[in-house]
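Read in order, the letters of the sequence shown are residues -28 to -1, 1 to 356 in mature numbering (1 follows the signal peptide of the UniProt record, and there is no 0).
Calculated directly from the structure, the hints in this document are not laboratory data.
There's no promise every hint is true.
[Claimed, not checked] Lysine-lysine pairs mimicking BS3-like chemistry, simulated, CA-CA at most 30 Å apart:
hint, residue 1, residue 2
1, Lys102, Lys272
2, Lys39, Lys5
3, Lys272, Lys185
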Amino acid sequence: MNTNTKPRVVRLLALAIVALALAGPARAEALKKVIIGHTGDSCEAPVFAAYEKGFFRDEGLDVEMVKGDWNFFKEALAFGRISALQGLVMNYIKPIEQGLDAKFTAGIHRGCIHILSAKGSPIVRASDLKGRRIGVPALGSSPWVFAARVIGEIGGDIKRDVEWKPFPIGELRLALLKGEVDAIAISDPIGEILLSEGVAQSVVNQLTDAPYKDEYCCVAVVSGKLAREDPDAAARITRALLKASLWVEHNPLAAAGLSHRGRYVNASVELNARVLAKLDFVPSVEGARLAARTAAAALKNVGIVAPSTDVSALVERTFVRLPGLDDAWLKGVTVACEDRLSRDEILARPLPSSSTLDAAVAEPGCCAEVEPSPLIADSRTRAR
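Construct all of the structure, not just a fragment, from the sequences and the given hints.
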């Protein structure tokens, strides 16, 4: 009789138990696969941070990052081919009115669009814009929608009281300086570049001027299909983005470096640190609903949203409440403060040489980020 049989069986059973113990939780905690879109804008820093800092993974998500432009993502959302993205409120209200199956779930940040005139121009306030030529990246773009809203707020007609002049983004600066337009509507970081260069002056700033300064310009947007079929996944995505937004608020320099190193954006670390330090990343669930209501009413006022559209009904179609996600939960969220420079210190410094700011960025626990890439759907994806 083999006297070693019993100990061997015991050992095998022990190993089997350990293997099951290790495998069981892995199966139970299998990551949910989701696809997150981005366009490469500076203000999408929370999306990049959620991916790079592990906020998505902490929520049990296996994320694939896909880069594209607005038209690409509008179609992708409509067919449920991407799960979510960070989007401009004013880009989505009209398409949702027309049937786009997408939902706002939370506010991410406030204020990233400017209306600028040339330095020394007599155009210094919103009321000066009536009867002027305004350059925009494209008719229907978010800067155009914002400018149209401003014209409406001063009692103007967007068809009769202003001449819209579309230019490629890279040509708006020259158009302004050559006098081909009287003002331009543009988002950051280009707006910040022109102000920092001293060649432009602010006419309307979405971040600082009433009534826009308290509104969320960018929100978490999920596909309607995901919100209906897997609200838990939609909530996980939103929670990760809210945590990341809070992290960016406390770490604009680190967020700038993270976006730069990940090659998500094309502007310099220095510039994007300034852009992120100026923006208000104050995440809010309720803020998305309020932003949808304010924007829908304002766009109806200028004729972009149809006169027959019921604003309250449109808001109900636009905003969705997700399980376990509200501002009470958000109040309990804390993030690490990693920046070695305060927000005021970042803003007080002129755009420094790369070596100066890179030295601060390279310190342990600190990092650094960046301008819109060409708005072309990018076949490259990132999966983690």
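How the hints compare with the structure:
no. : hint            : result
1   : Lys102 x Lys272 : holds (19 Å)
2   : Lys39 x Lys5    : holds (17 Å)
3   : Lys272 x Lys185 : holds (20 Å)
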